[in-house]
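J.: For the record, the sequence lines run as chains A and B.
As numbered in the numbering used here, residues 1 to 150 make up the first sequence, in order.
As numbered in the numbering used here, residues 1001 to 1204 make up the second sequence, in order.
Partner residues aside, some chain B positions facing chain A, computed with beta carbon under 10 angstroms:
{"hint": "1", "residue": "K1141"}
{"hint": "2", "residue": "G1145"}
{"hint": "3", "residue": "F1146"}
{"hint": "4", "residue": "K1153"}
Since the hints were made in silico from the structure, they are not lab data.
For each residue, glycine too, the CB sits at the ideal point set by N, CA and C.
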Amino acid sequence: MEMDRIDQIVDRYRAEPSALIQVLLDIQAMFHWLPTEALERVSRSLGVPMARIRHIATFYKAFSLAPRGRHEIHLCMGTACHVRGAPRVLDSLTEVTGIGPGETDLDLDFSLETVNCLGCCALGPVMEIDGKTHGKMSPARAAAVVESYK
Amino acid sequence: MSEIHMHIDGAQVLATEGMTVLEASRKAGISIPTLCHHEALKPFGGCRLCLVEAGLHGRKRLVVSCVYLAQDGLVVRTRSQRIDRIRKTLLELLLAHAPDSPQLQDLAVEYGASRGRFEKEPSFCIHCGLCVRYCDEVKGKGAIGFINRGFKKEISFIPRIAARECPTCKECFPLCPTSWLQAAFVLVEAFSFKQQKEVLSKST
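Next up, chain A with everything else stripped away, as it sits in the complex:
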């Protein structure tokens, strides 16, 4: 674990305890998860008890206490996407990546997550990879998009 990089993030916020969530978000973005050693480091340098950090890290879905893939796939399963065939897109994603919803593959390439609405139902079925929206997905097109990230 490169503690220097954790320290750098903490310094960016001048070790301000109220910046805890920002610090955690930056660590999450850098490592794709929150390693315990990093959290203990943050706890010491910000002076925030570990219990509080864990409370926050488990409260928000943006944080993960287990390693996640480099690319985060969010597949919309909201009503509009659902009737337009999102379940079939999910099957195809599972086939290409080898992981189901909520899972991460062993190479740490992808994490797959289903969400309940991305807010752009006209584009359904919608998939988001690393924040980039891919609309009007079919099982074949979704597979092709994911392949391009490999």
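With chain A fixed as given, assemble chain B onto it according to the hints.
T.: Quick look at chain B alone, frame taken from chain A:
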């Protein structure tokens, strides 16, 4: 400090500024049921059982007395049909989680709450936060905290701190209204203390 005159259940009660309605009532010998209140800890407002009717100039509304500050001229009622009905439902909801807690059962008898009204959901913890707050505020150790949110929220020991601090402390144990805390401790002890002690002995 300025004095505050208020009426609680018809009696004249003298309070000082910064006092909560609950503290003022208890000082005047008027009891209000609580589960998450503790004198040594900051008000939490978690269990909502201490709710009372309070208001100025004849208007009244429901407030949670453990976090509501006393003010001059406030008229408070600690028991009424409305309050009893709400407390009864709150107790029934809590009883679905911890049906055999002695503290809950005593209150259930007083308010006529039945333990079978809601389907059993034996999580045992009623989220009063006494253990979490005691460890943080009084002991300053933070060996236990809440994790997750909503109906998945639960108490959780931090093995590294708990292995070092808890065996000689355990002061939070008698605070737990349901004994779930003790169970959680035994679990974390069984799962991780041996390993944590090895880590500790190596580092010293």
